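Novice: What follows is the residue order along each chain.
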Amino acid sequence: MKPETLTLPADLREPAIFEGVVTPGGIDDQVLVYPETKPPLKWFVAITFTILLMLMGFGFIGYTVMKGIGAWGNNNPVFWAFDIINFVFWVGIGHAGTLISAILFIFRKKWRNAIARFAEAMTIFAVMCAGIFPLIHVGRPWLAFWLFPYPNQRALWSNFKSPLLWDVFAVSTYFSVSAMFWFLGLVPDIASMRDREKNKWKKLAYTILSLGWRGAARHWQHYEKAYLLLAGLATGLVLSVHSVVSFDFATSQVPGWHMTIFPPYFVAGAIFAGFSMVVIVMIVVRETMNLQNLVTVRHLEVMNKVILGMSCLMGYAYCMEGFTAWYSQNNYLIHTFKNIIGGYYGWAGWTTITCNILIPQLLWFRKCRTSYFWMILVATAVTIGMWFERFVIIVISLHQDYLPSSWEIYKPTIVDFGILLGSFGLFFTLVLLFARTLPVVATTEVKAILPGAQPHHGAHHE
Amino acid sequence: MSDRAYAVLGLFDTPDALMAAIPKVRDRALGKVEAYTPYPIHGIEKALGLRESPLGGMVMVMGVLGAATAMFFQYWMSAVDYPIVHGGKVPFSWQAFVPIMFEVTVLFATFTAGLGMLLLLNKLPFFGHPVLNAKAITGITRDRFALAIEAPEGTLDIAAAFQALEAAGAVDLEVLPATETSPQFTSRGVMGFLTAVVGACGVAAFLTYWAIKLFHVLPPMADMQKQPRLNAQAASRFFKDGTGMRTPVKGTVSRGHLGLGVATQDEAAGLPNPLPRTEATLLKGKQTYTNHCAVCHGASGNGTPTLTAAYGAKPANLLARQFKDYKDGQIYFVVAKGKNSMPAYGADLDEQQRWAVVHYVRALQRAQDAKDSDLK
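Each protein sequence line maps, in turn, to chains A and B.
Every letter in the first sequence is one number past the one before it in the numbering used here, and letter 238, counting from 1, is 238.
For any residue, its number in the numbering used here is found by taking its place in the second sequence, counting from 1, and adding 1000.
The hints are simulated quantities; they were obtained by calculation from the structure and are not laboratory data.
Note that the structure is predicted; figures quoted are calculated from it, not measured.
Every residue gets a Cβ at the ideal spot worked out from N, C-alpha and C, and that includes glycine.
Treat the hints with care, as some may be off.
What the hints assert, rightly or not - Mimicking DSSO-like on lysine-lysine, the simulated pairs with C-alpha atoms at most 27 angstroms apart in a straight line are:
#  : chain 1 : residue 1 : chain 2 : residue 2
1  : B       : Lys1213   : A       : Lys67
2  : A       : Lys202    : B       : Lys1089
3  : B       : Lys1123   : A       : Lys200
4  : A       : Lys225    : A       : Lys110
5  : B       : Lys1135   : A       : Lys200
6  : B       : Lys1371   : B       : Lys1324
7  : B       : Lys1339   : B       : Lys1284
8  : B       : Lys1089   : A       : Lys161
9  : B       : Lys1046   : A       : Lys109
10 : B       : Lys1123   : A       : Lys225
11 : A       : Lys225    : B       : Lys1046
12 : B       : Lys1240   : B       : Lys1250
13 : A       : Lys411    : A       : Lys110
14 : B       : Lys1371   : B       : Lys1286
15 : A       : Lys198    : B       : Lys1284
16 : B       : Lys1286   : A       : Lys203
17 : A       : Lys202    : B       : Lys1339
18 : B       : Lys1046   : A       : Lys110
19 : A       : Lys202    : A       : Lys42
What the hints assert, rightly or not - Derived, one-sided and incomplete: chain B residues facing chain A with beta-carbon distance under 7 angstroms:
#  : residue
20 : His1042
21 : Leu1048
22 : Arg1051
23 : Leu1055
24 : Gly1057
25 : Val1059
26 : Gln1074
27 : Ser1078
28 : Glu1103
29 : Leu1121
30 : Pro1125
31 : Ile1140
Turn these sequences into a full structure, and let the hints steer you where they fit.
Specialist: Listed below in structure tokens is the structure:
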């Protein structure tokens, strides 16, 4: 054994990341009990509501497929509207999960462990919601496989110089990697559930899903390596995915899109929106599933600090948009910027600025960072604000571009709103199902960081 | 004690006790020493003398392979097999291929890390391991730490293993029989499941095939094919009379195709050639003659065809006296209206082209029968 050389003094170490006495077995009894028991009535009420919402959304999607995308409000020149807004919105929501599970893992932030599992699940569900939109946006979704380069009788290949194709690769890679990361984390937890479960069929299902995991030291050794590698890969990926999404805009010449700030601006916005969604969902999960001792107020406060930081970054990005418009002295860019703060859709621009920049400033106060009321207020505002930000970027830029003769006002139809609400229904249906079938807290990871969980605690073996 | 013993396993309640026991048990050299823990224990790989995981190298290799594969395929597809200029960029614009190269690198590396770890290094899924059937497994995946001495069937000294583990402080010792089956899985059950999966794949493939086949011809997906339009040789629903186009207003003349103003070839003899006999006119006439006339009348106008001989036609020898005596207007009339088996070219050639051809035919006639004075 190496001598203990670098040990932080007690007051500099990270404070405890749970409250009260938490034992490894206690975590199992607390967290894994939910999939084993029948859900309460409120769960059934909630999932009925979300399923109805989801079915309504799929009904409107079916209507769109039958009628064509003329059922939407999209027009010439606003070819991209709710479809792409919702896509960017949902992909962005997903980013918090990967950030928490990958980037904070690499930085060894222990507070991530209690919320990582749920955030990762939200990533996957959000990317699933996001994936629907480009699919229906192409108009004939049954031909969407044309997006992939496959040998075909027409002897054609996809255009690899198009950012839209990069997007196909980026989002599908993101989904695969997130799913792999999530599943690997789940395997040992599912093994715990397998060995607790009494019901024959549930035990069979958990046996299959746990792949026969038996906790052998030789397995853990490879497992930990794989997890570290995946975290590293996902870190690069999470930064790249929303950058590639922003290329869809930035590589075009539309005023308001053609900007070099877009990739970092999109990534910051994605983390911003994602953390807000995680805060909202974690509050609900914490209260309904009695996880107050594992997901502490400190977790929520740290997440709120991230939201505050990202809000400041967004404020900087918005100012840079204005500065770029002024400094470029490009009439079209200036016109687009004026449209954001004072045009027909000026109210959308101000909604964005209020919700994303002004309201989150409340989080400078410790009281707001630790009180449910203010947290939920800010997180909801950010979710709305980030949706409107994409509305501003897409619709305002498109509805008045270079050619005044083709300027046109965009008005969404009921189908647009129906599909948007339906995507929320799908997301929360999946979240609710997940909460009652799989461990919502990464029990194995939390066990490993409890006091006394590692031999000669205090020293880090890296 | 069964002969078919595979391992002796004992439990510990703390990771410190487990770590303290490992060297003691390993010193006895009774078999492979393996620990089973609910979560990864730092430093246990050194205590057990495990080699470092080769996963990093595997991921590195596959990541580089992913990058190379992506770049090569993008190069081959965009620059070799289907070179199309997009946005004025050269076919092999490697900068534009970087995003996908990155994504494929991550994809290859991720699947290597995840599946390589599970399938190759850990040999999972495997449901028949003796530990999974042990009484201790509920503790192992919860909060207890197991140490096992494992050896191939029949070679394990059970009494010595018991004694070694007890001396190291283990409790709840048990002997694990060398079973290869799981209570949840019998080989028949697994085969049945796999057969069901294969069958389901087959059904899904069949349905997908037909769905893709039929999607295009079912409404509303067939709307694009079935939109109102004109089809060749088919009646149209546009108009009551079933035609797809309207007859032009009476007296309509297409541009460049005014009427000749004469009814017979003899009447046409009086028409003067309006074009001046310039080099430009002759070049235009040559082009028109080459494109439309030479195939029958021959490049020099001598009626030696390049194509029509096969059909037994006898195109006129334009150099003959009869045609030399034609007035310009008469040749013009034949070009426009045709003569004998020669079809009319009025629809293909406008007025300018017809008169230019007349000039060129005159030039051919003179060139084939040049006089000495022409050379002066």
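Novice: Does each hint hold? Answer for all of them.
Specialist: Consistency of the hints with the structure:
1. About 21 angstroms separates the Cα atoms of Lys1213/B and Lys67/A, which keeps this hinted pair within 27 angstroms; it holds.
2. For the proposed pair Lys202/A and Lys1089/B, the alpha carbon gap of about 57 angstroms is over 27 angstroms, so the pair is violated.
3. A hinted pair counts as satisfied when its Cα atoms are at most 27 angstroms apart, and Lys1123/B with Lys200/A qualifies at roughly 25 angstroms.
4. Using a Cα cut-off of 27 angstroms, the hinted pair Lys225/A and Lys110/A holds, with the two alpha carbons roughly 18 angstroms apart.
5. Note on Lys1135/B and Lys200/A: the hinted pairing holds, with a Cα-Cα distance of about 17 angstroms set against a maximum of 27 angstroms.
6. With a C-alpha separation of about 15 angstroms, the suggested pairing of Lys1371/B with Lys1324/B holds against the 27 angstroms cut-off.
7. Simply put, Lys1339/B and Lys1284/B have alpha-carbon atoms about 23 angstroms apart, close enough for the 27 angstroms limit, and the pair holds.
8. Between Lys1089/B and Lys161/A the alpha-carbon distance is near 9 angstroms, which keeps this suggested pair within the 27 angstroms criterion.
9. The suggested pairing of Lys1046/B with Lys109/A holds, with an alpha-carbon distance near 25 angstroms, which does not exceed 27 angstroms.
10. Taking the CA atoms of Lys1123/B and Lys225/A, the gap is about 16 angstroms. The hint holds against a cut of 27 angstroms.
11. For the given pair, Lys225/A sits about 15 angstroms from Lys1046/B by alpha-carbon distance, which is consistent with the 27 angstroms threshold.
12. At most 27 angstroms may separate the alpha-carbon atoms for a hinted pair to count; Lys1240/B and Lys1250/B meet this at roughly 20 angstroms.
13. A C-alpha spacing of about 47 angstroms is found between Lys411/A and Lys110/A, which places the hinted pair above 27 angstroms, so the restraint is violated.
14. Between the alpha carbons of Lys1371/B and Lys1286/B the distance comes to roughly 22 angstroms, so the proposed pair stays at or under 27 angstroms and holds.
15. For a cut-off of 27 angstroms, the pair hint linking Lys198/A to Lys1284/B is broken: about 95 angstroms separates their Cα positions.
16. Proximity of Lys1286/B to Lys203/A is assessed by CA-CA distance (about 90 angstroms); at most 27 angstroms being required, the pair is judged violated.
17. Pair hint Lys202/A plus Lys1339/B does not hold up; C-alpha atoms about 92 angstroms apart against a cutoff of 27 angstroms.
18. Annotation: proposed proximity of Lys1046/B to Lys110/A holds, straight-line Cα distance about 24 angstroms (limit 27 angstroms).
19. Restraint check for Lys202/A and Lys42/A: the C-alpha separation of about 23 angstroms stays at or below 27 angstroms, so the hint holds.
20. Because the beta carbon of His1042/B sits about 4 angstroms from the nearest beta carbon in chain A, less than 7 angstroms, this interface hint is met.
21. Interface restraint check: Leu1048/B against chain A, minimum CB-CB distance 6 angstroms, threshold 7 angstroms, status holds.
22. Taking 7 angstroms as the C-beta cut-off, the interface hint given for Arg1051/B is violated, the closest approach to chain A being about 9 angstroms.
23. For Leu1055/B, the suggested interface contact is upheld, since its CB lies about 5 angstroms from the closest CB of chain A, less than 7 angstroms.
24. A distance limit of 7 angstroms between C-beta atoms decides the matter here; for Gly1057/B the minimum to chain A is near 11 angstroms, and the interface restraint is violated.
25. Satisfaction of the interface hint for Val1059/B is found here, the shortest Cβ-Cβ separation to chain A being roughly 5 angstroms, below the 7 angstroms cut-off.
26. A least Cβ separation of about 5 angstroms between Gln1074/B and chain A falls short of the 7 angstroms threshold, and the interface hint therefore holds.
27. Look at Ser1078/B: its Cβ gets to within about 5 angstroms of chain A, closer than 7 angstroms, so that hint holds up.
28. The restraint placing Glu1103/B at the interface with chain A holds, with a minimum CB-CB distance near 4 angstroms, inside the 7 angstroms limit.
29. Restraint check, Leu1121/B versus chain A: the minimum CB separation of about 4 angstroms is within 7 angstroms; hint holds.
30. A hinted interface residue such as Pro1125/B counts as satisfied when its beta carbon comes closer than 7 angstroms to some beta carbon of chain A; here the least separation is about 4 angstroms, so the hint holds.
31. The beta carbon of Ile1140/B comes within 5 angstroms of a beta carbon in chain A, closer than 7 angstroms, and the hint placing it at the interface holds.
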